[in-house]
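Asker: Going line by line, the protein sequences match chains H and R.
Counting from 1, one number per residue, gives the positions in the first sequence under the numbering used here.
Counting from 1, one number per residue, gives the positions in the second sequence under the numbering used here.
Derived by calculation from the structure, the hints in this document are not laboratory data.
The beta-carbon is built from N, C-alpha and C at its ideal position, and this holds for glycine as well.
Keep in mind that a hint or two might mislead.
[Stated by the list, open to error] Part of the chain H face toward chain R, derived, beta carbon under 8 Å:
hint	residue
1	Leu-53
2	Leu-56
3	Arg-112
4	Phe-126
5	Ala-148
6	Met-152
7	Ala-154
8	Thr-163
9	Leu-165
10	Val-192
11	Val-218
[Claimed, not checked] Taking beta-carbon pairs under 8 Å as the criterion, some of the chain R residues facing chain H (in silico):
hint	residue
12	Pro-75
13	Ala-76
14	Ala-125
15	Ala-144
16	Leu-159
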Amino acid sequence: MRRLARPRRCGLALAFFATVPYGNVVHGHVEEQRGEALRRPGSHRELFVAFSLLALQGFGGVIVVAQRVLCEDKRWLTRAEFVEMLSIGQVLPGPNVCNVALMLGDRFFGWRGAVAALGGLLTVPFGIVLALVAVYARWAANPAVAGALRGMGAVSAGLIAGTALKLAQSLRGSPLGLPLCVALGAAAFVLVGLLRVPLIWALLAVGPAACGLAWPRVGGGGGPR
Amino acid sequence: MSALAWAVLLCQLLLLSLLQIGGALAIAPDLHRLLVERLALLTDAQFAASIAIAQASPGPNTLYIAAIGFQVAGPAGALAAQAAVLLPSSMVAVAVGRWGRARPEWRPVLAFKAGMAPVTIALLAAVSWIIVAEAPGWRHALLAAAAAVTIWRTRVHILWLMAAGALAGALAWV
Numbered sequence: 001m002r003r004l005a006r007p008r009r010c011g012l013a014l015a016f017f018a019t020v021p022y023g024n025v026v027h028g029h030v031e032e033q034r035g036e037a038l039r040r041p042g043s044h045r046e047l048f049v050a051f052s053l054l055a056l057q058g059f060g061g062v063i064v065v066a067q068r069v070l071c072e073d074k075r076w077l078t079r080a081e082f083v084e085m086l087s088i089g090q091v092l093p094g095p096n097v098c099n100v101a102l103m104l105g106d107r108f109f110g111w112r113g114a115v116a117a118l119g120g121l122l123t124v125p126f127g128i129v130l131a132l133v134a135v136y137a138r139w140a141a142n143p144a145v146a147g148a149l150r151g152m153g154a155v156s157a158g159l160i161a162g163t164a165l166k167l168a169q170s171l172r173g174s175p176l177g178l179p180l181c182v183a184l185g186a187a188a189f190v191l192v193g194l195l196r197v198p199l200i201w202a203l204l205a206v207g208p209a210a211c212g213l214a215w216p217r218v219g220g221g222g223g224p225r
Numbered sequence: 001m002s003a004l005a006w007a008v009l010l011c012q013l014l015l016l017s018l019l020q021i022g023g024a025l026a027i028a029p030d031l032h033r034l035l036v037e038r039l040a041l042l043t044d045a046q047f048a049a050s051i052a053i054a055q056a057s058p059g060p061n062t063l064y065i066a067a068i069g070f071q072v073a074g075p076a077g078a079l080a081a082q083a084a085v086l087l088p089s090s091m092v093a094v095a096v097g098r099w100g101r102a103r104p105e106w107r108p109v110l111a112f113k114a115g116m117a118p119v120t121i122a123l124l125a126a127v128s129w130i131i132v133a134e135a136p137g138w139r140h141a142l143l144a145a146a147a148a149v150t151i152w153r154t155r156v157h158i159l160w161l162m163a164a165g166a167l168a169g170a171l172a173w174v
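Next comes chain H alone, as it looks inside the complex:
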């Protein structure tokens, strides 16, 4: 994809990604964290605490914080692995970020790890939500509170967009190549963002095409280990 690195021609932010120097390839993924080795959590407790802390920072979209903490602070996942887990979490039933937590926890410590990660994600926020329900009626009409929530909503929308840009950098390692990635992404964006098609129909429309296009380009073949 380096041959596509012509920012003036492409104009898109995506073209910028191809110009950033990148590190070595690890386990078939482009290791965009400049070759620094991945780590793994030391214990269930570390998983629980990490997910508790990231959940507490996740206003209006825990995915943003999860990406930063798991890929950049803790280095438990590469960005490409994060996108993979999110892709799976997205097509499965259940909240995406909960599914990512479960799969990550299970990968490191089996079902106990899954429980620790999901428990971390939910326990403290659960208490906060119940407390807020109890006091909500008194504050909902306050214009400063309503304004603050509006401002936080705008920031959280921006954070999600910025996270999408960061994760798009991991597409440099995609066997699909940049043009197909852009085309598939654009199709999904138009369906869900502009035409407001329900997510499940958008996934059913774009998903099979995306996997079909990837099929001849991925190689592989070996079945279960």
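Put chain R on the given structure of chain H with help from the hints.
Answerer: Coordinates of chain R only, in the frame set by chain H:
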């Protein structure tokens, strides 16, 4: 609330759990029909407040289910409802995660991962776009754009950005 009503509600939540494709809010219309229209356990305003609170507070949005359970039956209701709505989907997620990990070089798995990656990223962008498009005003969009560039290009802590957004909103700049 009778034991029978509880059993009906929890069974419904266990079923709806597997229909939460695309996020926790995918089943909100069904829950509204069940709790507000059919069983009349909640008012419309209480239901709407549950979603608003879960979105405004830290943590996953799925906690609107806890807020609903709390308003129906207190802390025990919150715990039971949240557990019921997460249990089946969580078991599926762990099982599928293991299934995929056992076949890391299998072609269908590789094709799924490679094919879905750009779609997943684009869907994040679409979610962001929808939030910005729903709120009127260029200053709102400008604030979102500034937050996007900041998180993308810097390592500024997310809570500073949220605080800046809250301040801008409280002072009626956005």
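Asker: With reference to the structure, classify each hint as holding or not holding.
Answerer: Against the structure, the hints:
1. Leu-53: violated, 10 Å
2. Leu-56: Holds, about 5 Å.
3. Arg-112: violated, 11 Å
4. Phe-126: Given a least distance of 5 Å, the restraint on Phe-126/H holds.
5. Ala-148: holds, 4 Å
6. Met-152: At 5 Å from the nearest chain R Cβ, Met-152/H passes the 8 Å test, so the hint holds.
7. Ala-154: holds, 4 Å
8. Thr-163: The hint holds - Thr-163/H has a Cβ within 8 Å of chain R, the shortest such distance being about 6 Å.
9. Leu-165: holds, 5 Å
10. Val-192: Constraint on Val-192/H satisfied, holds at 4 Å.
11. Val-218: Where the cut-off is 8 Å and the nearest Cβ of chain R is about 4 Å from Val-218/H, the hint holds.
12. Pro-75: Holds - the Cβ of Pro-75/R comes within 8 Å of chain H, reaching about 7 Å at its closest.
13. Ala-76: Violated, about 11 Å.
14. Ala-125: holds, 4 Å
15. Ala-144: holds, 4 Å
16. Leu-159: holds, 6 Å
Going down the numbered hints, you'll see the structure goes against 1, 3, 13, while the others check out.
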